[in-house]
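Student: This note's numbering numbers the first residue of the sequence shown as 8 and each following residue consecutively.
Just so you know, the hints here were simulated from the structure itself, not pulled from any lab data.
Where is the CB? At the ideal position from N, CA and C, for every residue including glycine.
Treat the hints with care, since some could be wrong.
[To be verified] Label-pair ranges, simulated between beta-carbon atoms:
#  : residue 1 : residue 2 : range
1  : 68        : 282       : 53 to 59 angstroms
2  : 252       : 321       : 32 to 38 angstroms
3  : 250       : 84        : 54 to 60 angstroms
4  : 277       : 229       : 29 to 35 angstroms
5  : 76        : 148       : 17 to 23 angstroms
6  : 146       : 277       : 54 to 60 angstroms
7  : 303       : 98        : 53 to 59 angstroms
8  : 282       : 84        : 53 to 59 angstroms
9  : 281       : 82        : 50 to 56 angstroms
10 : 233       : 84        : 31 to 37 angstroms
11 : 293       : 100       : 30 to 36 angstroms
12 : 161       : 82        : 17 to 23 angstroms
13 : 293       : 76        : 34 to 40 angstroms
[Claimed, not checked] Pairs of lysine to aspartate or glutamate, DMTMM-like flavour, derived with a Cα cap of 20 angstroms:
#  : residue 1 : residue 2
14 : 172       : 233
15 : 172       : 90
16 : 339       : 126
17 : 339       : 329
18 : 339       : 226
19 : 94        : 218
20 : 172       : 126
21 : 172       : 150
22 : 137       : 90
23 : 94        : 150
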Amino acid sequence: MMLSRRRLLHLLGASAAGAVVVGCERLDFGDTERPATTALPPPNPRDFSFDTDIALTPNADFYVMKRGRLPEIVVDNHVLSIDGLVKHPVTLTLADIQALPQHTLMRTLECIGNAPDGDLIGNAVWSGAKFADVLVLAGLLPDAIELRLDAADEYHTGVTTALAKDPESYLVHSMNGETLPLEHGYPIRCLFPGRYGQKQPKWLTGITARDTHHVGYYESKGWSDEALIRVKSRIDSPARRATVNAPLIVRGIAFAGRSGIARVEVLVDDLDPAEATLTRAPTPHRDLVWTEWQWTWPDATPGNHVVRARAVDGDGTVQPRERRSLLGGEAKEGRSDMHSVSIFVEG
Numbered sequence: 008m009m010l011s012r013r014r015l016l017h018l019l020g021a022s023a024a025g026a027v028v029v030g031c032e033r034l035d036f037g038d039t040e041r042p043a044t045t046a047l048p049p050p051n052p053r054d055f056s057f058d059t060d061i062a063l064t065p066n067a068d069f070y071v072m073k074r075g076r077l078p079e080i081v082v083d084n085h086v087l088s089i090d091g092l093v094k095h096p097v098t099l100t101l102a103d104i105q106a107l108p109q110h111t112l113m114r115t116l117e118c119i120g121n122a123p124d125g126d127l128i129g130n131a132v133w134s135g136a137k138f139a140d141v142l143v144l145a146g147l148l149p150d151a152i153e154l155r156l157d158a159a160d161e162y163h164t165g166v167t168t169a170l171a172k173d174p175e176s177y178l179v180h181s182m183n184g185e186t187l188p189l190e191h192g193y194p195i196r197c198l199f200p201g202r203y204g205q206k207q208p209k210w211l212t213g214i215t216a217r218d219t220h221h222v223g224y225y226e227s228k229g230w231s232d233e234a235l236i237r238v239k240s241r242i243d244s245p246a247r248r249a250t251v252n253a254p255l256i257v258r259g260i261a262f263a264g265r266s267g268i269a270r271v272e273v274l275v276d277d278l279d280p281a282e283a284t285l286t287r288a289p290t291p292h293r294d295l296v297w298t299e300w301q302w303t304w305p306d307a308t309p310g311n312h313v314v315r316a317r318a319v320d321g322d323g324t325v326q327p328r329e330r331r332s333l334l335g336g337e338a339k340e341g342r343s344d345m346h347s348v349s350i351f352v353e354g
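Working from the sequences, and respecting the hints, build out all of it.
Tutor: What follows is the structure, given as structure tokens:
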């Protein structure tokens with residue numbers, strides 16, 4: 008479910024049961040399985056103002072990926088250590104990170120295993136500190152080329168120091184104007200630009216600066232090491248096998264990471280593509296946030312039709328129609344094949 012910011016403001020704070028994704032399969036968990044936490048402190052800052060109607064995903068509906076059970080977090084005891092090839096190893100609390108210059112940004116996250124029609128993607132407004140500002144506190148040595156990132160659920164991955172110092176890389180503690188929920192990484196999670204969620208550890212506990220490459224948890228299982236987001240579009244309406252009337256309105260979202268979305272085309276029965284109208288997030292967030300699109304077929308022909316969406320990113324990469332191999336490793340680089348729906352137009 009996606010909501011405009013205006014609608015979301017009325018819903019924030021409502022409680023709802025979450026869903027856990029393990030290997031991109033959803034598993035419900037009840038209240039008895041949720042680890043207890045201490046009282047969560049208020050977010051800092053609470054700036055939640057964006058002049059846009061781009062849809063945001065409520066926290067309770069935002070997809071969740073985790074390695075095992077949710078970790079038990081006691082904020083008074085939770086610290087983030089930075090060590091390895093640094094001038095002075097440091098141990099930071101949540102308050103230490105909140106004391107750094109704070110930033111509020113809109114950012115879309117997507118699971119690397121998300122299917123063309125999948126909902127393992129969400130858009131939110133986050134608040135936190137720049138990753139580079141956190142690293143300054145320890146002082147990286149010149150030989151440090153990569154960071155090992157460790158989380159409270161024993162998940163680990165690696166990123167280059169160049170990515171960590173990118174101006175669009177953050178450590179965040181607030182989500183949609185609320186304290187970061189436990190299932191989304193409370194108290195601190197990473198946000199790196201243009202990468203799938205595989206590279207965005209939650210419940211961060213350790214940063215180790217290294218002069219060698221670190222092979223992470225999913226990377227060791229054959230998943231992409233860079234985890235760069237690939238161009239994708241999704242049809243949200245009409246639904247699969249829907250019966251509709253003219254005029255037919257087709258709408259959805261598209262996402263491509265740092266390259267942004269150049270255009271979205273709609274193909275009916277594989278005939279000539281028609282270009283959709285795009286609604287983008289405000290600058291400077293635009294290319295790191297999903298793009299909403301819509302196309303109208305005013306004189307839709309009665310009968311059965313197949314409607315496809317095809318996005319083109321800012322580098323000119325066009326979505327392929329289908330995966331090249333169902334048995335190969337392409338899915339572990341992120342899915343990019345076109346989404347299609349079969350519909351019936353009434354006469």
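Student: Each hint needs a verdict: does it hold in this structure or not?
Tutor: Here is how each hint holds up against the structure:
1. 68 - 282: 53 to 59 angstroms: 30 angstroms, violated
2. 252 - 321: 32 to 38 angstroms: For residue 321 against residue 252, whose Cβ atoms are near 36 angstroms apart, the range 32 to 38 angstroms holds.
3. 250 - 84: 54 to 60 angstroms: 57 angstroms, holds
4. 277 - 229: 29 to 35 angstroms: 33 angstroms, holds
5. 76 - 148: 17 to 23 angstroms: 36 angstroms, violated
6. 146 - 277: 54 to 60 angstroms: For residue 277 against residue 146, whose Cβ atoms are near 57 angstroms apart, the range 54 to 60 angstroms holds.
7. 303 - 98: 53 to 59 angstroms: 57 angstroms, holds
8. 282 - 84: 53 to 59 angstroms: 54 angstroms, holds
9. 281 - 82: 50 to 56 angstroms: Roughly 52 angstroms apart at Cβ, these two residues keep to the hinted range, so it holds.
10. 233 - 84: 31 to 37 angstroms: 34 angstroms, holds
11. 293 - 100: 30 to 36 angstroms: At roughly 34 angstroms between Cβ atoms, residue 100 and residue 293 fall inside 30 to 36 angstroms, so the hint holds.
12. 161 - 82: 17 to 23 angstroms: Holds - the Cβ-Cβ distance for residue 161 and residue 82, about 19 angstroms, lies within 17 to 23 angstroms.
13. 293 - 76: 34 to 40 angstroms: 37 angstroms, holds
14. 172 - 233: This hinted pair holds, its Cα atoms lying about 16 angstroms apart.
15. 172 - 90: 16 angstroms, holds
16. 339 - 126: 17 angstroms, holds
17. 339 - 329: 15 angstroms, holds
18. 339 - 226: Given pair residue 339, residue 226 holds - Cα atoms ~9 angstroms apart, limit 20 angstroms.
19. 94 - 218: 14 angstroms, holds
20. 172 - 126: 30 angstroms, violated
21. 172 - 150: 15 angstroms, holds
22. 137 - 90: 18 angstroms, holds
23. 94 - 150: 11 angstroms, holds
The earlier numbered hints that this structure contradicts are 1, 5 and 20.
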